[in-house]
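There are 2 protein chains.
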Amino acid sequence: MILSYLYERRVIMADSILNKNERSGIIVAKFGGSSLSDGEHFKKVKDIVLSQDAIRYVVPSAPGKRRGSDDKVTDMLYQCYNISSAGGNIDELFSEVTKRYDSIIEDLGLITDLSEEYTHIKWALMHHAGRDYAASRGEYLNGIILADYLGFDFVDPAPFIKFADDGAYEPEITNSLLGIELKKHQRAVIPGFYGSMPNGTIKTFSRGGSDITGSIVSRAVYADLYQNWTDVDGFLMADPRVIDNPKTISTITYKELRELSYMGAGVLHEDSIFPVRSAGIPIVIKNTNHPDAAGTMIVSDNNAPDPSTVITGIAGKKGFSVISIEKAMMNTETGFGRRVLEAIEKEGVNFEHLPSGIDTMSVILSSDEVVSKRDRILDSICSLVEPDSISMEDGLALIAVVGRGMVKAKGTASRVFKAMADADINIKMIDQGSSELNIIIGVDENDFAASMNAIYKEFEK
Amino acid sequence: MILSYLYERRVIMADSILNKNERSGIIVAKFGGSSLSDGEHFKKVKDIVLSQDAIRYVVPSAPGKRRGSDDKVTDMLYQCYNISSAGGNIDELFSEVTKRYDSIIEDLGLITDLSEEYTHIKWALMHHAGRDYAASRGEYLNGIILADYLGFDFVDPAPFIKFADDGAYEPEITNSLLGIELKKHQRAVIPGFYGSMPNGTIKTFSRGGSDITGSIVSRAVYADLYQNWTDVDGFLMADPRVIDNPKTISTITYKELRELSYMGAGVLHEDSIFPVRSAGIPIVIKNTNHPDAAGTMIVSDNNAPDPSTVITGIAGKKGFSVISIEKAMMNTETGFGRRVLEAIEKEGVNFEHLPSGIDTMSVILSSDEVVSKRDRILDSICSLVEPDSISMEDGLALIAVVGRGMVKAKGTASRVFKAMADADINIKMIDQGSSELNIIIGVDENDFAASMNAIYKEFEK
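Protein chains in written order, with the working numbering: chain A, 1 to 461; chain B, 1 to 461.
There may be inaccurate statements among the hints.
Note: identical chains are not told apart, hence a pair may lie in one copy or across any two.
Below are the SDA-like pairs computed for lysine to any residue, each with C-alpha atoms no more than 20 angstroms apart in a straight line [to be verified]:
id	residue 1	residue 2
1	Lys-44	Glu-106
2	Lys-373	Glu-333
3	Lys-43	Gly-151
4	Lys-410	Glu-445
5	Lys-418	Glu-460
6	Lys-418	Lys-461
7	Lys-418	Val-407
8	Lys-408	Asp-424
9	Lys-457	Thr-248
10	Lys-410	Asp-444
11	Lys-373	Thr-332
12	Lys-410	Ala-449
13	Lys-43	Ile-55
14	Lys-418	Lys-457
15	Lys-457	Gly-411
16	Lys-122	Gln-79
17	Lys-418	Ala-454
18	Lys-65	Leu-93
19	Lys-408	Glu-445
20	Lys-317	Thr-332
21	Lys-410	Ala-450
22	Lys-346	Leu-384
23	Lys-346	Asn-331
24	Lys-318	Asn-331
Hint data in this document are derived by calculation from the structure and do not stem from the laboratory.
Given only the sequences and the hints, what does the whole structure look like? Please build it.
Shown next, in the form of structure tokens:
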């Protein structure tokens, strides 16, 4: 992650030299698994693609669930790999996979014949072609069908999307190769989720990685817009499992999205932001089943319109721990905070926040990360800074109230904390830096849902 | 500071072994310079001391100002030192000093004769006896007069209060020597402010250090109470230069006091807390001119009564700078925060607070500390963490809202931020750790007074 990330930073610098005033007139559309689960959805996708002449490149996922009890094709392919690796027979399961594709072909009235592909793939699966190869075939086959159905060229991304020996994605060589290849195709379907290693074997991104392919394609063709089609009307202001029927966000900046994603608001694959962000290409999240809905536009921080609301979104996570350190006169000790962080770093743990008073310092950590290291971390802090007292407590939830509108809107903190006070919630930690993009609030895990609801209701108005 | 402090920590451990259930029945009373500025005040002091049989040890400061335009004796003595060092003639100024003492002696109708002392001191001042020696004579002479007036023994602290070669106060040897000496005196006056170096020369504490002497004496005699007599009714909830007529705090814990003192609420010398804190001896701040007022009791954190108010006090300081650091995915980089602090530490600067978002981190520093180091610190951070952007802004004021009552009182943050919102103040930073003892708020320096007033008014109710 860090390696590929450093790479991306160089990209940002390279692209910023490029003059992006010229518009390419190209839109890249990526369709998620639920948008391509069956023939009926393929028809909706075709309507969407053909209604916009600018959509020249389409990135499909593998077919998702058609109904609650259904399997995603990707899961079935992983299962084939597992069975085959264990020496089992995949005949039955693989035929389930082929049936999914064949029924789509039949529903659409296509004459596409995938039988040769099926034979090749099944043989490869039985001969240990690798877990990533197995998974990638979901997108690969879906891409062939969709290209045929749309009348677009089919471009297998394997030769162009490159990963290094250590598995890190290689953005520069990819951008160059993919750009050259796609110039040869007026319109094309490029399956999402995978590329290849230097030795030619298939390598996938992490789960949900078709979002990344769409972003990479968008950058390679200098798209004006990256449309990410899914089964929701856009990003919601809050998690619908916690808040009843939350509103959709109309515009969000990359920075806001990062803050919300980190705190658990997941719609888009986190890594999928960087290629387009670096190239200044906006993303719009749209609903295949509701294409007239405006969706959510994700824009660069500099091009963001003035927000219509103070708060863009609220996200939160449970599962944090707090180390509370007390030491009289700690702030006269140069290096006190640095030594505390060093003790934590020595155990390979990242700290989340470091709120401090005068003689007190709290370190907020992810509980998962500290599980087995608890005593070692506390011992290490004790020996490095000799605190007067130190303790560790679990069960903290963090809530991020995020909005670029907060800089201008005075009184946001007041509204947040008034709402929480009215809901009788005890606040255990507050952290707001000078970016004024967010306020991070720590509460007891038992108060998590009540806090989210109280804050959401205050800003829904 | 750090050395002597580490020393103090060992003391805390040693004293905690001691069974402090037995009461000594001893009160130590320290009187500030304004309480001993003239004969009239000496009479008030005598009334106070003789009305409480338990007051067996009294620590005086040097005579303070009698009226606004007056000079403090200590300042006159420093001036004598400066003149003498520059080869000048101190006759006139030194006779002003002796007149101050002689007029007190005359007002009190004493027959004390200090002429021999005067001769000796003047001779020493003219022969470069040292700056600390010069300053200390203010307390020394005042102590002789007060002992005579009260009928107490006079104990010069020089042989008992010890400083090391490097100037650091030596608490252990002092406690032992002073304890043995004071056992020999049923009642005694011990001048504040000074002790001696290993070579016997006089060494003073920093300005205001008679408070420390009072604290050291209290510990040495196992006092039940340390009365610190001054010219105010106790600690005020806020700075009267900012807030009109603030209320007096009835009880405050050491921790609360530290937080408030650090942020600029100064009544008691900061270092004066440690000796009594370590020994579990409460301090009471009383007004010599208004002895019936309850004053402010400073108690150990464990023995604090339930507070009658949510907020114990509010203090604040201007003159802070913020370094704002942005870097995408910073929290996936183990050691990011540690490296930022390392860059600052390398320049010998202490950080005050480190609020952080997901991809943003702010470092709050005292502007005084960074003045000439600004570019070096920013360069150093850049090279250590390679941020996407970094900037530094001055003009931040920090406000600490402190109260042990906040843990139990939900809604405190709400009241604080509502009050600030109603006053139309933009909040630039918030920091509240898990101790829940304080909330620290950053505002523009121009909003400082308005913020203090808004918060005070909210909690005055």
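Hint by hint, here is what the structure shows:
| no. | hint | verdict |
| --- | --- | --- |
| 1 | Lys-44 / Glu-106 | within (16 angstroms within a copy, 106 angstroms between copies) |
| 2 | Lys-373 / Glu-333 | between (26 angstroms within a copy, 19 angstroms between copies) |
| 3 | Lys-43 / Gly-151 | within (13 angstroms within a copy, 106 angstroms between copies) |
| 4 | Lys-410 / Glu-445 | between (29 angstroms within a copy, 16 angstroms between copies) |
| 5 | Lys-418 / Glu-460 | both (15 angstroms within a copy, 19 angstroms between copies) |
| 6 | Lys-418 / Lys-461 | both (15 angstroms within a copy, 18 angstroms between copies) |
| 7 | Lys-418 / Val-407 | both (19 angstroms within a copy, 17 angstroms between copies) |
| 8 | Lys-408 / Asp-424 | between (28 angstroms within a copy, 11 angstroms between copies) |
| 9 | Lys-457 / Thr-248 | within (14 angstroms within a copy, 40 angstroms between copies) |
| 10 | Lys-410 / Asp-444 | between (27 angstroms within a copy, 13 angstroms between copies) |
| 11 | Lys-373 / Thr-332 | between (29 angstroms within a copy, 19 angstroms between copies) |
| 12 | Lys-410 / Ala-449 | between (26 angstroms within a copy, 17 angstroms between copies) |
| 13 | Lys-43 / Ile-55 | within (16 angstroms within a copy, 95 angstroms between copies) |
| 14 | Lys-418 / Lys-457 | both (12 angstroms within a copy, 17 angstroms between copies) |
| 15 | Lys-457 / Gly-411 | both (16 angstroms within a copy, 17 angstroms between copies) |
| 16 | Lys-122 / Gln-79 | within (13 angstroms within a copy, 98 angstroms between copies) |
| 17 | Lys-418 / Ala-454 | both (9 angstroms within a copy, 16 angstroms between copies) |
| 18 | Lys-65 / Leu-93 | within (16 angstroms within a copy, 96 angstroms between copies) |
| 19 | Lys-408 / Glu-445 | between (31 angstroms within a copy, 18 angstroms between copies) |
| 20 | Lys-317 / Thr-332 | between (34 angstroms within a copy, 17 angstroms between copies) |
| 21 | Lys-410 / Ala-450 | between (24 angstroms within a copy, 14 angstroms between copies) |
| 22 | Lys-346 / Leu-384 | both (12 angstroms within a copy, 18 angstroms between copies) |
| 23 | Lys-346 / Asn-331 | between (22 angstroms within a copy, 16 angstroms between copies) |
| 24 | Lys-318 / Asn-331 | between (31 angstroms within a copy, 17 angstroms between copies) |
Checked against the numbered hints listed earlier, the structure breaks none of them; every hint is satisfied.
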